[in-house]
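Trainee: What follows is the residue order along each chain.
2 protein chains.
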Amino acid sequence: MKAPGSTTAVAGATGTSPSEGGERKSINPELWYGCAGPLVSLPPVGSLVVYFPQGHSEQVAATMQKDVDVQIPNYPNLPWKMICLLHNVTLHADPETDEVYAQMTLQPVNTNDKEAFLASDLSPKTNRLQTDFFCKTLTASDTSTHGGFSVPRRAAEKIFPPLDFSMQPPAQELQARDLHDNVWTFRHIYRGQPKRHLLTTGWSLFVSGKRLLAGDSVLFIRDEKQQLLLGIRRANRQPTNISSSVLSSDSMQIGILAAAAHAYANHSPFTVFYNPRASPSEFVIPLAKYNKAIYSHQITLGMRFRMMFETEESGT
Amino acid sequence: MKAPGSTTAVAGATGTSPSEGGERKSINPELWYGCAGPLVSLPPVGSLVVYFPQGHSEQVAATMQKDVDVQIPNYPNLPWKMICLLHNVTLHADPETDEVYAQMTLQPVNTNDKEAFLASDLSPKTNRLQTDFFCKTLTASDTSTHGGFSVPRRAAEKIFPPLDFSMQPPAQELQARDLHDNVWTFRHIYRGQPKRHLLTTGWSLFVSGKRLLAGDSVLFIRDEKQQLLLGIRRANRQPTNISSSVLSSDSMQIGILAAAAHAYANHSPFTVFYNPRASPSEFVIPLAKYNKAIYSHQITLGMRFRMMFETEESGT
DNA sequence: TTGTCTCCCTAGGGGAGACAA
DNA sequence: TTGTCTCCCCTAGGGAGACAA
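Protein chains in written order, with UniProt numbering: chain A, 1 to 316; chain B, 1 to 316.
Just so you know, these hints were derived from the structure itself, not from any lab. Incorrect hints may appear among the rest.
If you want the footprint, here are the derived chain A segments under chain B, 3+ residues with CB under 8 Å [what the hints assert, rightly or not]:
(1) 245-252
(2) 260-274
Partial list, computed: chain A residues near chain B (C-beta under 8 Å) [stated by the list, open to error]:
(3) Glu58
(4) Ala62
(5) Thr63
(6) Pro73
(7) Val89
(8) His92
(9) Asp98
(10) Phe165
(11) Ile256
Calculated from the model, a selection of chain A residues having no Cβ within reach of chain B, i.e. all distances over 10 Å [what the hints assert, rightly or not]:
(12) Leu48
(13) Gln54
(14) Val60
(15) Met64
(16) Asp94
(17) Tyr101
(18) Gln103
(19) Lys136
(20) His146
(21) Thr185
(22) Tyr190
(23) Leu205
(24) Arg222
(25) Gly255
Bear in mind the structure is a predicted one, so any value in this text is a computation, not a measurement. Even for Gly, the Cβ is constructed at its ideal location relative to N, Cα and C.
Please build the complete structure, drawing on both the sequences and the hints.
Mentor: Written out as structure tokens, the structure reads:
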């Protein structure tokens, strides 16, 4: 068991250490958003949001594969949308796969509270990252057992600390932290004919530790303290299909609806998980965004918000 | 993607193949019971069982770590126990960890149907394995990178095909299927001074593929067709703490209770997952066993069935 | 009987420039 | 500019008996 706080794990701390449960410290938001992709945004804490129980249920149905199509009981007191106050958002990453997700605490509010409605303005506070970063899709050579990672020239010059070109060849040691605050160490060298930037020593441990394959992407961010952050985005592989082994998907569906109905009846807070890369539909959206869509007739009753599909190039 | 049916994967089919979802064919019951441990038994299909919603809820609470202690709504129509007909049992194994679990379809029955009660006799139909098998807890040497697996003499002679002792040294190739029907190939050799049975080539791939550590156990079974089956039992490590990323534990708790209440009200079937190694309490037990306990005053209202703790030696 | 050590030897992998797209 | 190949070298690890618990 490591001490909490900054774990200065030596290079080669294979991320597969199965002993650590949960996250030791809070996830870096820039890195989280980087891994989530350019199209993902979360409503700000304290704002009003619209929660769609049905959309939420669909995310879970998409994550699990439904086993049987048992009828779900009706929840007559459950509306198709609920105006909620977003109390809390915590960012998470699966310790096994580095998959990012968010936990949100919602509290249903009185719908006829006109004041609250007006308070939610349309300030486009894009809490998205503006920091310097680069994202590269891994080639077959990058993930092969022979040799390291070929760093695009522009990317290396923009993100990495400058090399001392008086050395022959110019090289340095890079340290980068992943979502779990593990430190990965790489040898960054500028060599070859023609010259190019490469990550050699340490790279293969990262690839095997994160179980990366050609087609997956890596993401380097230089934060405001000039520290390097390191994330991954996996290619869209099969939907994991974690058949749960804990709860039937029926019970999950029911659980979502019953929890929402209970919270709605009591105006009590409840908790949802939002997995930006797994789900096709957003089920928690800013009230302002919803209102705007309503009033510009872009949405009609029964329609749902759908996330645009990410393109391969996005965020590169 | 492999063809369904018997996949004659070559030795070294690392079980970590992340592409296969679900099981291709039904799990071998003998192997499943072997991996589950000697104290686990499942009620026979078609029999009457007692289902405890609270015990079920506790298993899930034990599997997840509860994040917040939000109050669970009351389900006034939900009794503390439900007599159910066990419609169906399917055996499963987690494709990542090989953890065994069972899926059961239950249907609440009319409690005042005396006839059904009497029909559930106490025939101790122990559907447990009587086949030849051995189970060994892995030593540091067994899991080290240098060398293979030391097979206990009695075990090798009882389970493995006999060696041809005219060879020098006597050796053969063994093939064994795991829970997912993957074939693992090992070189079985009798050598050393003093002589002993060893598994060499192929063993380290198995250890790394299953991510076995010293203290975990392996299990070899010879079935009625003289085929070798191969399973694992992991040492009791930390409770995985899969913080789900899908559903809050509150929603799960609610889902269990609401699903049970719904099924109870409508006499409709519902599905539960039973994880024998994760949960401290059984929540589906044969009605006959329950009645026997009741009538011999071994159980009182409010008590729950608890599984004995397995000892390290059990099943060896 | 079997767990651990050490020794030996080889296969696989890291690290380099060549070469071409 | 950068993806792939091949070559070279070295080390991690498999496979063997020694030895002791």
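Trainee: Please write out, lowest number first, the hints stated earlier that are contradicted by the structure.
Mentor: Structure breaks hints 3, 4, 7, 9, 10, 14, 15, 16, 17, 18 and 25.
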